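2 protein chains.
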Amino acid sequence: MSRTLPDLSLYLVMGAADTGKRPFEEVVLAAIEGGVTVVQLREKDADTRVLLEHALRLKALLEPRGVPLIVNDRIDVALAAGAAGVHLGQDDMPASIARRLVGEDMLIGLSVSDRVEADTANPDIVDYVGIGSVFPTGTKADAGEAIGPDFAAKLRRRVGLPAVAIGGINQTNLGQLRGTGIEGIAVVSAICAADDPRLAARNLRAGFLA
Amino acid sequence: MSRTLPDLSLYLVMGAADTGKRPFEEVVLAAIEGGVTVVQLREKDADTRVLLEHALRLKALLEPRGVPLIVNDRIDVALAAGAAGVHLGQDDMPASIARRLVGEDMLIGLSVSDRVEADTANPDIVDYVGIGSVFPTGTKADAGEAIGPDFAAKLRRRVGLPAVAIGGINQTNLGQLRGTGIEGIAVVSAICAADDPRLAARNLRAGFLA
Chain S
323 MSRTLPDLSL
333 YLVMGAADTG
343 KRPFEEVVLA
353 AIEGGVTVVQ
363 LREKDADTRV
373 LLEHALRLKA
383 LLEPRGVPLI
393 VNDRIDVALA
403 AGAAGVHLGQ
413 DDMPASIARR
423 LVGEDMLIGL
433 SVSDRVEADT
443 ANPDIVDYVG
453 IGSVFPTGTK
463 ADAGEAIGPD
473 FAAKLRRRVG
483 LPAVAIGGIN
493 QTNLGQLRGT
503 GIEGIAVVSA
513 ICAADDPRLA
523 ARNLRAGFLA
Chain U
323 MSRTLPDLSL
333 YLVMGAADTG
343 KRPFEEVVLA
353 AIEGGVTVVQ
363 LREKDADTRV
373 LLEHALRLKA
383 LLEPRGVPLI
393 VNDRIDVALA
403 AGAAGVHLGQ
413 DDMPASIARR
423 LVGEDMLIGL
433 SVSDRVEADT
443 ANPDIVDYVG
453 IGSVFPTGTK
463 ADAGEAIGPD
473 FAAKLRRRVG
483 LPAVAIGGIN
493 QTNLGQLRGT
503 GIEGIAVVSA
513 ICAADDPRLA
523 ARNLRAGFLA
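Taken in order, these protein sequences are the chains called S and U.
Mapped onto my numbering, the consecutive letters of the first sequence carry residue numbers 323 to 532.
Mapped onto my numbering, the consecutive letters of the second sequence carry residue numbers 323 to 532.
Keep in mind the hints are simulated off the structure, nothing from the lab.
Treat the numbers as computed from the prediction; the structure is a model and nothing was measured.
Misleading hints may appear alongside valid ones.
Because identical chains cannot be distinguished in the list, a pair is counted as satisfied if it fits within a single copy or across any two copies.
[What the hints assert, rightly or not] In silico DSBU-like links for lysine-lysine, alpha-carbon gap of 35 Å or less: (1) 366 <-> 381; (2) 343 <-> 366; (3) 366 <-> 476; (4) 381 <-> 343.
This is chain S alone, in the form it adopts within the complex (with noise of 0.2 Å):
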């Protein structure tokens, strides 16, 4: 395969209403200048021409400073604006047809929650996963009941992929992902909902990688 995983250590899960009535521009720069590794855009809501333009808007935002800009759901708008991957949930589009459309450059990352759903990521056609929820949130409305960090270690080393977990991680507690084998946290509110996202980041990094 051509593509490289990027570092995962800390990935942002954000869209233009999770940022409040700062510019999300503003909010993810600080983000980056904190040490995030990765951004995901995810707007569930948004029509494609609005969220299209909310992708070509990060990815001017990343790209010079070499943060890939991976979507959402949304197979179109990834390849419209040129990121560097698209992250699938248990109800987007299937992987294998997903990786078709794609071509063999994109980034694929997989949700999953479960043992069964673990076993779907195939490592031919997946990059990543993302575990979770493992803590209680309230970002995602159909999140379903959070794991914890015990099973989230039982599905990373089952599921034999690099991974970030994702739901409720804050600065209190993270300490508990260390260990797991886990790569990365996922985080929305921690970050967007921070008064000061970039000191935010740059402690939910140095907390991750203690």
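Following the hints, complete the assembly by docking chain U onto the known chain S.
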């Protein structure tokens, strides 16, 4: 170009929710027997996986009967399902980007409702337009005010592309669309909500082509 424009005379727009308690295949099959010439799948709120499943089920129904499947908005789903085309609204992917993603074989339709939108329909990229809403409609919340048959005729002349009229068309008002130069009528509820979709389709087509 390697694509052929289908007979646009009776263009059914539908999603699984539009057929109420009846399975959508039952309604679509009856509609085809009644003379529907194109089917567009439009489901704005469905998860990608569900939308793809519906597209594949529709395609299995339509292909043996020589009726092309158009997918609304979602280029990813159109590509994954092997649809004949994609229909773009003004809030969807810009047509020039869509053409790059779908290649030269897939049809692209574009919704236009005024002169400015009509003038964006590049005949090198777009194959046909949907003009509307011609009459007041309850099916599409964001359809805007009805433009009426006379203005629809003006837009048809201005755009210079094959067109379907859409919006609130029924057996009673379709006569007003004859002589407009518009090639076909697009309907949702006039078929999907009809007690007898086969008879409704037959009467609509006969009434329009009379």
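Violations among the numbered hints, reported as their numbers in ascending order: Nothing - there is no hint that the structure violates, so all of them hold.
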